[in-house]
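Asks: Chain residues, written in single-letter form:
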Amino acid sequence: MADRGFDVRRQTGFTTIALACFVLLYLPIILLVIYSFNAGASIAIWEGFSWRWYQSAWANEQVQEATVRSLIIAVWASGISTSVAVLAALATTRTPRFRGQSAVFAMINQPLMVPEIVTAVALLIFFAMIKVATGYTGLFYLIIAHSAFCIPFAYLPVRARLQGMDLSLEQAAADLYASPFQVFRRITLPQLWPGILAGAMLAFVISLDDVVITEFVKSAGQDTLPTYMLGQLRRVVTPEINAISTVLLGISVTMVIAFTVLSKIRN
Amino acid sequence: MSIAISARNLKKVYPGQPPVTALANASIDIPDNEFFTLLGPSGCGKTTLLRLIAGFEHPTSGSLDMFGQNLLDAPPHKRPVNTVFQSYALFPHLTVAQNIGFGLEMLGKPKSEIRATVDEMMALVKMTEMADRQTSQISGGQQQRVALARALAPRPRVLLLDEPLSALDFKLRKDMQLELKRLQTETGITFIFVTHDQEEALTMSDRIAVMNAGEIRQIGGPRDIYDHPAERFVADFIGDTNFLPAAILSTEGQSAKVRLASGQTVSARLPARDAPAGKVTLAIRPEHATFTSEADGLVTGTLAQVVYFGTDTHFHITLDDGTAFVLRRQNSSDTGPGHSQGDRVGIQFAPDVAQVLKD
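Going down the list, the sequences are from chains L and R. Read in this note's numbering, the first sequence has 208 at position 225, and its numbers run on one by one without any break. To get this note's numbering, take the position in the second sequence, counting from 1, and add 57.
Hints were generated in silico from the structure; no laboratory data involved. Heads up, some of the hints might be wrong.
Over the 10 Å line for every Cβ pair with chain R, so calculated as not near, a few chain L residues [said to hold, decoys possible]:
(1) 16
(2) 41
(3) 211
With a Cα cut of at most 20 Å, we get these calculated SDA-like pairs of lysine to any residue [said to hold, decoys possible]:
(4) R:238 x R:227
(5) L:247 x R:149
(6) R:183 x R:228
(7) R:135 x L:167
(8) L:247 x L:149
(9) R:231 x R:198
(10) R:135 x L:162
(11) R:166 x L:162
(12) R:135 x L:153
(13) R:135 x L:165
(14) L:247 x R:148
By construction, the Cβ of each residue, glycine as well, lies at the ideal position given by its N, Cα and C atoms.
Turn these sequences into a full structure, and let the hints guide you.
Replies: Pasting the structure below:
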């Protein structure tokens, strides 16, 4: 039989290491989900099945407010960041190569590389100056902050889609008398939708999940769901936290599945 | 007869280290209503020339006119030319009918006119039943016909075709060659056809421009190009050719008396321009040479191999000076005396069938 070359799956201990990784990744999450259905008030001692913590979370006004706030921010942030990302992706894939293109690419993806805490502190100071100057303390700061760090997440799938597109389609449209704007609206955009939706959903989940930057930027009484949960953990911990986490997990998993399906759509 | 496309010293250099000259000083006049073919190996600049006419590329220098109007200042969507792409480039999110109507829609034609023209085009390429199909649901040959109908629908004055048949299988390609020629004759549109397939070029074209390394080497009708190649590259690229060294003894008009390496003399045709002198190369097509006795041969040699092709037979001969020579003979019921491997043979060809090459 011919030598099949190096195969990581045939190395000693591969199965053990792989299993250990999966257990570490998923066991805590499975436990968290299980205890969200605990009838008792403990997050470690099982006392039977119940929906009570879901009901209690649903009825909790603070949770309601934080959830609505989180959703408002996430919708705005994913909308703004995706719009900017589409423009940025067009500029970096549909124009002749320009000087400093790599630098622009690096700058668009900067939030992926700069430590989040640095961005958080920088925004805190920056927004504090604006708050002093204008007196405005609304949600806008959080929306802008979230939009900023969501851009690369929206940008990457849109760019990948644009790069994977057959350029001759756009040339064919131009050849058939479509102006540059008509080419974009009639040919590029219809094919770009899966990429745009994927980018928007990724941005939405990233915004929904953010703790560090939100914690620094938010004004008093502007808790989002994650910062509310963080605050709760400092007090009495009940399975209500598990219930909220499980719902968030459900949303994320749904989004990721939708993202994968959309990314796979060809033509 | 008016001139559809006129290029003067058209040049395209791609910047880089080192810069790449894709097209060097191409000058060409393509009359209206002509089936004109750009023929050459890949990288010869034929597609670049096509893309310059379509407007997808901008020339480094030179001029390009269409019916006497400067074309270079217009962006692709303002040029009255349409292109059939090598990849077809059908819009995947539109139906067959929507693809064909796209150009007319962009021109702002009324809906009734669009529908009428689309119906007409679908009938022309025999795709009427497929009108509402997605382009992914039809075969390669059908996609090819939709691409053609889409490009013809706005009735361009010039149609550009970039190797449109290269993705089709042999039989379909043969059918489409006839189909394209028919469409060109019926519509009266000037076709500029790019291909690397010399047979395709010979069967379809009114005139052919043979290109190599960014330059146009010869322009002429298929017969002209095949029978009277101007230079070694053209003779070699189109069909099979034997090359024999020779020396010019005297010239008279388009004819020259040359001496072959064997010492025999024969008359051969001179190129139309820049007639050479002294040592030259003769080009002889394999089907223009015939067997004769060793004593009567213009050149002589030993039969090295006989290859049977059904309609004809190829005889591979090693000449006395070591040059390889191929003689082709059509097979018929009375083929005459057989020749077998190892035989000593003489080869002759009629006066003026050999072409003197300038190299």
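Asks: Check each numbered hint from earlier against the structure, then list the numbers of those it violates in ascending order.
Replies: none
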